[in-house]
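Just so you know, the protein sequences line up as chains W and S, in that order. For the first sequence, counting from 1, position 680 maps to 1885 in my numbering; every step adds exactly one. For the second sequence, counting from 1, position 95 maps to 114 in my numbering; every step adds exactly one.
Watch out, some of these pointers could steer you wrong.
Claimed, not checked - Pairwise CB distance ranges (calculated):
hint : chain 1 : residue 1 : chain 2 : residue 2 : range
1    : S       : D177      : W       : K1837     : 45 to 53 Å
2    : W       : E1584     : S       : S328      : 43 to 51 Å
3    : S       : S87       : W       : L1931     : 47 to 55 Å
4    : W       : D1786     : S       : D106      : 41 to 49 Å
5    : W       : L1635     : S       : S239      : 56 to 64 Å
6    : W       : D1786     : S       : A206      : 21 to 29 Å
7    : W       : D1787     : S       : S87       : 56 to 64 Å
8    : W       : V1694     : S       : D147      : 21 to 29 Å
9    : S       : D177      : W       : V1694     : 23 to 31 Å
Unchecked claim - Only pairs whose alpha carbons sit at most 30 Å apart, straight line, appear in this in silico DSSO-like list of lysine-lysine:
hint : chain 1 : residue 1 : chain 2 : residue 2
10   : W       : K1486     : W       : K1414
11   : W       : K1755     : S       : K158
12   : S       : K375      : W       : K1837
13   : S       : K375      : W       : K1784
14   : W       : K1414     : W       : K1520
15   : W       : K1837     : S       : K101
16   : W       : K1837     : S       : K158
17   : S       : K146      : S       : K334
18   : S       : K49       : W       : K1784
19   : S       : K375      : S       : K172
20   : S       : K334      : W       : K1837
21   : W       : K1837     : S       : K156
22   : S       : K330      : S       : K183
23   : S       : K49       : W       : K1755
24   : W       : K1784     : S       : K156
25   : W       : K1641     : W       : K1755
26   : S       : K330      : S       : K158
27   : S       : K49       : S       : K183
28   : S       : K158      : S       : K101
29   : W       : K1814     : W       : K1257
30   : S       : K146      : W       : K1837
Calculated directly from the structure, the hints in this document are not laboratory data. Since this is a predicted model, take the numbers as computed values, not measurements. Every residue gets a Cβ at the ideal spot worked out from N, C-alpha and C, and that includes glycine.
Residue-level listing of the chains:
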Amino acid sequence: MKRLIISIGLALCALVSGFGQEVERTDTLREARIVADRVRRDRAATQTGLQKLDGSLLRRGFAIFNTPDIIKTLQMMPGVAGGTELMSGLYVHGGDGSDNLFLLDGVPLNQVTHLVGLFSSFNTDVVDELDFYKSGFPARYGGRMSSVVDVRTREGSFDQYHGTFALGLIDGRIQVEGPIIKGTTSFNVGLRRTWSEVVTIPVLYYLNKREFENYGEGRSDKMNASYNFSDFNLKVTHKFSNDNRLSLNLYGGEDRLPVTVRTASSITDDGVEHWGYDSVKGRLQWGNFLASLNWQYDITDRLYLETTAYRSKNKNIIGARLSMWDWDGKDVYYNIGEDIRAHTVTTGLTANAYFKPVEAHHVRFGALVQHKGYAPEREYLTESEGTSSDLKFSGKNDVQFKAWESSLYAEDEISILPWLKANLGVRGALFSVNGKNWAKLEPRASLMFRLGDNSDLKFSYSEMNQFDHSVATTYLDLPTNTWMPSTAVVKPMFSRQIAGGFYTTASSWLKITLEGWYKTMDHLYEYGGPMAIYPPIDSWETLFTEGRGKSWGAEAGFEMEWEKITAQAYYTLSWSLRKFDDFYFDWYPDRNDNRHKIDLLANWYVSPKFELFAGWHYHTGNKMTAVSYVVKGADDQGTPFTRFEIYDRPNSLKLPDYHRLDIGMNFKRTTRKGRESTWNLSIYNVYCRMNAVFAHITDEYEDYMTPEGYYNVRPTGRSVAEAFGLIPIIPTFGYTLKF
Amino acid sequence: MKQRLIYIFIFLCCCLSGCEYYFEPEGLDKDSKLYVQCIAGNTDRTYINIQKAMGINSGGDIMPDVESVSLKVNGRECAIEKFVLPDPPENPYYAATKTSLIILPQEQEEYYTLKRYNLWYTDAPIKDSDQLTLEVKAKGMEAVSATASVPQKVVIQDVKATPKITTVADFDVTYKEKSMSFDVRIADVSPDDYYGVRIPIEVNTTYTYEDGRSESHSYSAYAGIINRSGSGVMDEIQNATGDWTPALYNNYFIDSFGSRNMYLIPGNRIRDGHIQFDCNAYFSSESIRQTYDLDPETGLASTSYVVISIKGSYKVEVFRVSPEFFRYNKAQSMLENNDLASVGLSPSTFSYTNVKGGFGVLGTLTGTSTPWYQAPAEPEQ
């Protein structure tokens, strides 16, 4: 701890030594305007729990692997838990991580991460702005229970071509934008792809070659594997006039992991040596494809219409083939295969209107119709070739659900008095699946009291229903996970939340936000079966047990802005509980029940050529279930032994508190051609704290010296709980060129 | 600028020297609590197992000093006796297979282990709809209590048992497996209730040797419920073993002595009142002729033959069990079958309890049985 304090102190010294120094910075005014504008927009909104993030803010500062990440940025926000370290979990106000509505240009996305959750699917190069709602949801949003992440991509420039090229340690990105028809049609395209194969393919080629040289044809092992993910965003915008524009949005993202392992072995039969191969071929592939057409039309000065037609497809494919040659030396092969495929396809049409009949009323209303298809399937095969009676067993489990989700909403932002504003709305949703209809009415209300020029008081109430359920047997974001609808057995998840807050711009450089919330969640579902990587397709409705949740807490945010330094400090005090009768008779803490959470962030624009970022993150340790009691017996000699272990309640064990420091530095240069280039150095977990990811109970050992004078270890007879951290310090660097 | 870079350099050096790898969470020295298991129903004597659940690093006696045990049925106190295990019989195996909720050890050494257990019992009759209250006090420990109601009796409407031969592939070996396919139809299935099924079997075997000697053995056991991939029957068990939970598996007070072979199923998995499963039931066989070595030690080729006659019978028991009984057993099953959860990567595992102030379960059940049926003749392969 002392080392940590010294480290932070030194970092602060380095930061503070930059105060008061006059360094010219060309973009200071522009950046200040962005932040000031953001502050205004936050305060102007009636809703509680709203964070607006500008795309330029997302692309600045720290970026592990030189890849700025939307979800990891949101994890720093108050009221949000990040779950397992380095993963893209987003647990908002006690939510379960699958209850966040991610919208990309108004279209819902199901799979929002790459690399088992390490990266989010959003390429920040093309992101224009992002609205993040944790409470006070306006009626125009629905379908998820805990949060809304509304990401809007940027239109391409209508006047000139420019872009960005970035190369990180494991991936590269390029973004290009410009006019197709100058002044009327533009494009903005972003591509991102990992290039880890550049390392893995030559390494594996070398290893396979060496194996071949040592053992020869037919007797050497061989392995091929290459992981990669890629995604692309394309936005083409055509302006019929300043009031009338049409956009085509495409997004595709995919992770691929093909693996082939061939193992040679031999058997001698009647003095003859036979060689053969066992092989495993695996394929993991998962991702999203989204296409949408968006039409925005200002019909009059007071009426604006936005219509979007879209198709969003989420697919997960896992295939494995195990081929074995017969050990009796004959040419007999056995093939065992299994394929898991899960598709979720959503086709929808949404129309949203914004109408301002008089100055005091800002009315929004709209409708949404979605057709959803859920189609997970599991196919398995066992066959042999060359036996006296060739075998072939195959089977298939599949489930098909087709559902319609329709909703209507209306909301009115009313300026009741000069000091009182309200946003009142209602959303009606109808979900139909296999003859079962779920009709829900969701009232939404927000109130804002102006307390002078600089302060506001806000309150909100919202109800949300979620008709999609993430069917997962683990907490990992695996391609085995799938989405399923509410059915006659599985009810829609439901949340009810009240929130209130005080917002003030205390001075020209300080904005303070204080918020509190209380939220209840019904019809939560959690896997209640034995260990399984593949979710049970046929029996998911009954294997997932139903429960409730509740969460409450308070958040404080301090956002500071000086000439060269911006800083944010966020603190969250929260409780998150669960009650699943099948698990435990009483309420118990959620695994992300982090009592305290602190995020301290600072950007220091040292000079036009150098900027520095530091972020310190702390939260109370996550919870997990561990053995807490044992019942002992004794054998016929009276020697005690552990008969069985007792886990007294779920999530009874608190892991050690989590904290880490990240720093990032940007070294900016101007190339000979006048282009801006940036070298980014980011260090994740600077003081290399091995934050606990999991723990287990184990015997305690002690060192002792043997009579022969050697050191050895022996059990002390006691047990200890041992927690393991997996993520050490990760320094990364990258290069970005703007052109 | 140079000064700042030096600061940063020193800072990084401090940081890099700070790697840690292990942590020790707190809270392992907890006070001991009573662990009480009691399964009450209409089918057997009611046993109460009282143990001590000790904090992982707590020391002291491993058995509680029990001061009082009270079981009330509809508010009326039952007579409770301490259970004393008899001395081990000459052949514990055959004693162990007698049908009872307490299964006796199959090894003589295990009798001595079982004798150390704190077992109590009552012979008070318990029937459906009874309200039970259990209270246990032990010296120096928090008193515990539990309440439960006995579920309604199940009405068995029909039982169909069909002999079945399944080809099983085990890589290069194929073999035929014999089983009985059951279709048990029960009335008034509620999706909110929980059910259990058990197949007791009795086998009488007569050996008639070449020299005219004859000897007979009989034993009782429970058939195991099995499933086979791709057979089309019981696939749900294969994919969702949590639905069919072997009750009292391992962690009942008969732990390590074997399973009771009651399989549990929630009512919402029972379609139209039908409980369908395959079972490794025995078949009857009039004559199996086998040859054997008279003297296997010398290996002399002096063989004889024996005619084995097997007469099997079975019945079907169906239970309605309390939700607590189901949850307790399902939780135990999960604990033993979810390694991912033990490291926090899968939904929580836990020990279910409805015992206030302690651990364990007061579970109830009501069973209904069919008459004994003669096992059919072994089918042609």
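- Taking 30 Å as the top limit, are the C-alpha atoms of S/K330 and S/K183 close enough? With Cα atoms ~18 Å apart, S/K330 and S/K183 stay inside 30 Å; holds.
- Task: Please work out if W/K1837 and S/K158 have their alpha carbons no farther apart than 30 Å.
- Result: holds (18 Å)
- Given the hinted pair S/K158 and S/K101, is their alpha-carbon gap at most 30 Å? holds (17 Å)
- Query: Between W/K1814 and W/K1257, does the CA-CA distance stay at or below 30 Å?
  - Reply: Given that 30 Å is the threshold and the Cα spacing comes to 28 Å, the pair holds.
- Do the Cβ positions of W/L1635 and S/S239 conform to the proposed distance bound of 56 to 64 Å? Cβ of W/L1635 to Cβ of S/S239: about 58 Å, so the range 56 to 64 Å holds.
- Determine whether the Cβ-Cβ distance between S/S87 and W/L1931 falls within the hinted range of 47 to 55 Å. holds (50 Å)
- Query: Taking only the CA atoms, is the gap from S/K49 to W/K1755 under or equal to 30 Å?
  - Reply: Roughly 28 Å separates the two Cα atoms, so the pair holds.
- Starting from W/K1486, check that the Cα of W/K1414 is at most 30 Å away, please. holds (20 Å)
- Item | S/D177 paired with W/K1837, Cβ distance criterion 45 to 53 Å | Because 47 Å falls inside the window, the suggested range holds.
- Message: Taking the Cβ atom of W/D1786 and the Cβ atom of S/D106, is their distance within the range 41 to 49 Å?
- Response: holds (44 Å)
- Given hint S/K156 paired with W/K1784 - CA-CA distance at most 30 Å: At roughly 29 Å apart (the allowed maximum being 30 Å), S/K156 and W/K1784 satisfy the hint.
- Within a Cα-Cα threshold of 30 Å, do S/K49 and S/K183 meet the stated pairing? Violated. S/K49 to S/K183 sits at ~53 Å, over the 30 Å cutoff.
In this structure, the earlier hints numbered 7, 11, 14, 20, 26, 27 and 30 are contradicted, and the remaining ones agree with it.
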